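A.B. asks: Spelled out, the chains give:
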Amino acid sequence: MTFTRATTIEEAVTAMAAGARPIAGGSDLVVGARQGKAPLPDVLVAIDRIDDLRGIETSGQGLRVGAGVTHAELIGNETVVSSYTAVADAAALVGSPATRNVGTIGGNVMNASPAMDTGAPLLVLDGHAVLKSVDGSRSVNMADLWTGPGRTSADPGELCVAIELPPQPERSGSAYVRLEYRRAMEIAVVGAAAAVTVSEDGTIETGRVALTAVGPAIIEVADASVLMSGRDAKEAGAAAETAASKSATPISDLRAGDDYRRHTVGVMARRAVKAAAARARGETIAVPVNRSAGVGAAS
Amino acid sequence: MPLVTEAERFIRSDGPDKVTGSGRYVADLSLTGMLTAKFLYAGVPHARITKLDVEPARQMSGVFAVITQDDVPERRFGSVADRTLFAQDVVRFEGEVIAAVAAIDDDSAQRAIDAIVFEYEELPPLTDLEEAIKDGALLVHENWESYAAGSVVRDGNVASFTSIERGDVDEGLADSDHVITSRYVADASHAAPIEPRGVVAQWEGDRVTIWSSTQVPFQARDGVCETLDLPSNRVRVVVPHLGGGFGGKCGFHYEAHVAALARAARRPVRLVFSREEEFLAPDRRREGMIVEITTGMTNDGDIKARKAKVLLDNGAYSADSSFFPHMAAMHAIGPYVIENVSAEASSIYTNHQPSGSVRAPTAPQGCWAVESHTDELAAAIGMDPVEFRKRNCVDTGRMSATGQVFDEIGLQQCLSDAVDGLGDISNLPEDESIGVGVGWWGSFPGASGAYVKIDSDGRGVIITGAQECGTGSVMTLPILVAKELGMDPDDFELVYQDTSAAPYDSGATGSQTILNNGRATVEAAQQVAAQLKDLAAKELEAAPEDIVLVDGRAHVAGSPEAAVDISRLARIASRGEMLLGRGSGTPAEYPSAVGVSCVGDQDLSWWVGPQFSCHAARIRLDRDTGVVRVLEVSTAHDSGVIINEVGAAGQVEGGVLMGIGQALTEGTVYSEDGGQLNPAFLDYKLQTIADAPRIKTSFVEVHTPGMGPHGSKPIAEAPNVATAAAISNAIAKLIGRPVRQLPMTAERVWAEARS
Amino acid sequence: MSESLSLTVNGVAYSVNVDMGRNLLSVLRGELGLTGTKEGCDDCECGACMVLIDGKPVNSCSFLAVQAADRSVTTIEGVVTPEGLDQVQQAFLEKGGVQCGFCTPGMIMSARALLDQCPDPSEEEIKIGLSGNLCRCTGYSRILAAVALAAAAD
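Chains as they are written, first to last, in the numbering used here: chain A, 19 to 317; chain B, 812 to 1566; chain C, 22 to 175.
By construction, these hints were calculated from the structure, which means they are not laboratory data.
All of these numbers come straight from a predicted model, not from anything done at the bench.
Glycine included, C-beta positions come from ideal geometry on N, C-alpha and C.
Heads up, a few of these hints could be off.
Unchecked claim - Not close to chain C: a few residues of chain B, all C-beta gaps over 12 Å, as computed:
(1) Asp825
(2) Thr1282
(3) Thr1508
As the list claims (entries may be wrong) - Only some residues are given here: those of chain A computed to face chain B with a beta carbon under 8 Å:
(4) Arg82
(5) Ile205
(6) Arg280
(7) Val285
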């Protein structure tokens, strides 16, 4: 195995053009290799010391999160917590403090696991991945990026350099809720993210809902906005619940049966809508929703 | 009151090794020239070996030895002698060892494993307990009749059978106002110590030293001697620090494999398991179980009769599981006063991993079943479940279902204390409830030995065969010795877990260390005390019987001013008859069963030194998802007088968390063909610190003569009996009926609530 | 392919020749002889392998050794101060937070990192801070008490 360390994005994409695989925190690669799932790639280029991948910047265009930003850094960022709260909810639930220190948003997004916690929040908040290669740069929305379990539409030579999120409107809020058998160290059995805007009377104006671990990739509930629009949070949550369970195409495995997943993903969707709406109305629900709201997930 | 209370902040002597990282565990040892061992496993649950060729592996560079059953003596072992070190002809579970390799490094060892030619013809796996006992079922062991098994009652796939009968159960049921039948199924689970096991072996001439992560070094040594044809004095088993066991590291495991490898390789060899191997290979996991209980009672809530049938998943081999049916039958009957009982229990061969003693074997599942059933009984007549138990549970002077009349016991007090410990439970939110379970567990007297010496500077060493698996039991021995000698526990160091240095002890098994080795160590200390008194008597010109040993000094009773330091006496003794005590003591006798008839008797119809417990749990249920959180557990234990309160409470707290895991998240998931689907901590979920509830512990300290030192009884396994039962009963209150499968996963709770 | 790697562990600079695919845990325990850091699983689930890198807790089993180059690695062997045991270590002893001891080094590293970042943690903060460390012996009560005691003493 050969290992090189890039200090600039250009060095990294040059190495990738020559066949290197990027490694940031490395947890997924190393664990996968140790468990015999996939050997370590022959050529690795480390991207964990590239300064240009590390910042979180706010501008008129919204939020730009460097791909090398860790989950711990996301939770610690005031803008993420106040305006892109579902991302913070999700980042705070990933693994343990150690995994949150090492794991990066870029690594998560490019691993494209249907069980990744940050995926559904990025989808509902209209996140885009900025991909760069020696040939140039492009921006891909999440739904187009994730093509299946562990698969993305990115070319092998493309490096995810940042995630961009548009500015969030007034009276908007978001939340991510996950089913947890234990209060920590869980991998999503199901989860759901919601982002909504509310009118002055508190009813839902617009909204999006996306689901974790109930399909080959993170899936968005179609027409969620239409279903929820004009309703109060409770009615909107109920509508999202039904629609989420219908949208889900879960498998049965040792973590849960398909019926249970289909049911609970609806519950998570309802709770995510409820929390997102509360936040949109200006109420404070501490990050992550799961822990601030008690049993397993918000109730 | 405990001999040493919580407030005294007793610090265990191995603590500094452990908090600084300087303490060595097996995987931390390395010896000059040491090789790495790896095993080739069956990988399939049931198959006939058609070809096994290790020559290609033997020819590889960096490979020093490759061995199979052809390279070791033909010896069968186990409580039913049904297995050999390596597979022969047929493999019966996926983790069965086919061959072992010793090589210069991990990669070379793995390449050698991959080079072994292993071909087989798959046989249908037997995984269903009820299918396995049907007529004409495929036999897991075709030659079962040829195995040595002592008095174990067997038949085909029934690896061990026990029945307990007393009174006339049919008549009792016929006379009852209510007859209720329940069926419960418990999945298999794991001990899951955080340290995966390891073994290092090194030969010098015809003697071998084996460093092993075993809970039972003498049993491990005897296993090596038996399977490799060696005399006991040429095999030395040493345990460095042991990273937890919980029964999973009881028995004889891979010491002989590694010793045989080291002999063949002429080099020291080290085996360290991965977590996956730790899940798949050892012959120690908690047995799956099916329990059917029928109870008859009066309208007033008096239990008249109980019938129980228990099937246990023995797995492919009988490591130590032959006594499980008798133990399971006792738990299915429970600590109740019942005139008429009939219980039958069978341990059934399957193509699963073998079952073995995991912390209180058969008890958590058996207790969960009978205690969930007990709440169903109480509910049927609208009686408060605590009241129902108080009415029917055994008590001092009352006769148990198996005809045992107890001397002073504290079960009724445990019931009161545990429930009281939850505080005010009158106004719980609608998604919360409490549940209660009671449990019992025996004590296991047996032979054990220790030496105590005091050297010329007045400092002592306890040399004991006992094994410290983390519980702190061996760490408590200095308290007992210091008490006898009027010295400070810190004056004593320990030499322990070395089969050539110390007399026999059965190890960290059956919660027996303080009970048996404590008694032995006290006897050794008393011999030293007598020597000190003789010496002091000469120095002080007094009679030895008038001398007392206090605060490091010897003086005449009533005259503390006429005293001599023990260190001075030690100096005198070092020039002549040295201060050297040895003890083994006389174990308490097992009572004989009276009024009860038993087929397949394993001496468990009566408890000697019975321990009792009550656990009460407050839970919260997320009705939409079935997720249960345990908010608080209040426990009360009659484990006799407590010696070391920090240690004893630590056992209870650890037992409670293990019990919550068993109740909610820990269960082996099998594929249809008998392979484990979750051999990793990602999907075999131990409770985390974030899940840990507040735990309140009360000790009902009934002074119990004739058992452990100072009226004590054991404590390590009893806390792992009643937690799942308490949680089950709390869940049942919220959803209207019990969840009949263990673990009571969120999905199962949800499904039961909807049904 | 072996290459030379510079590591700074507990303030000591090391230069070792290792395959670039090696994880930090195996280099610490093997080449560097620092066996206080334990291996309990291989997938970031148990926390026995916890070390600090630039003061933050990291599962060394799932971290390439080469990624730690030029960073400051602290293992359990580096926690003891010249004056003796660290407050966290002392508190684990006094509160009975140690049984078999196999999870203890990892627990202490997580606790040390938590207290360095959050000197006065709530019970919930301690629980989340140590949630990546499994203990099978203690039931965690005494570990919680130990960290609270260390926080008060720090």
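A.B. asks: Hint by hint, note whether the structure agrees.
C.D. replies: Hint check:
1. With a closest Cβ-Cβ approach of about 7 Å to chain C, aspartate 825 of chain B is found to fall inside the 12 Å limit, against its non-interface label.
2. Non-interface call for threonine 1282 of chain B relative to chain C: violated, since the shortest CB-CB distance, roughly 6 Å, does not exceed 12 Å.
3. Interface exclusion of threonine 1508 of chain B from chain C breaks down, the closest Cβ pair being 9 Å apart, not more than 12 Å.
4. Hint status for arginine 82 of chain A: violated, given a least beta-carbon distance of 33 Å to chain B, over 8 Å.
5. Restraint check, isoleucine 205 of chain A versus chain B: the minimum CB separation of about 6 Å is within 8 Å; hint holds.
6. At a threshold of 8 Å, the smallest CB-CB gap from arginine 280 of chain A to chain B is about 12 Å, leaving the interface hint violated.
7. Here the hint on valine 285 of chain A is kept, as its CB sits about 4 Å from the closest CB of chain B, short of 8 Å.
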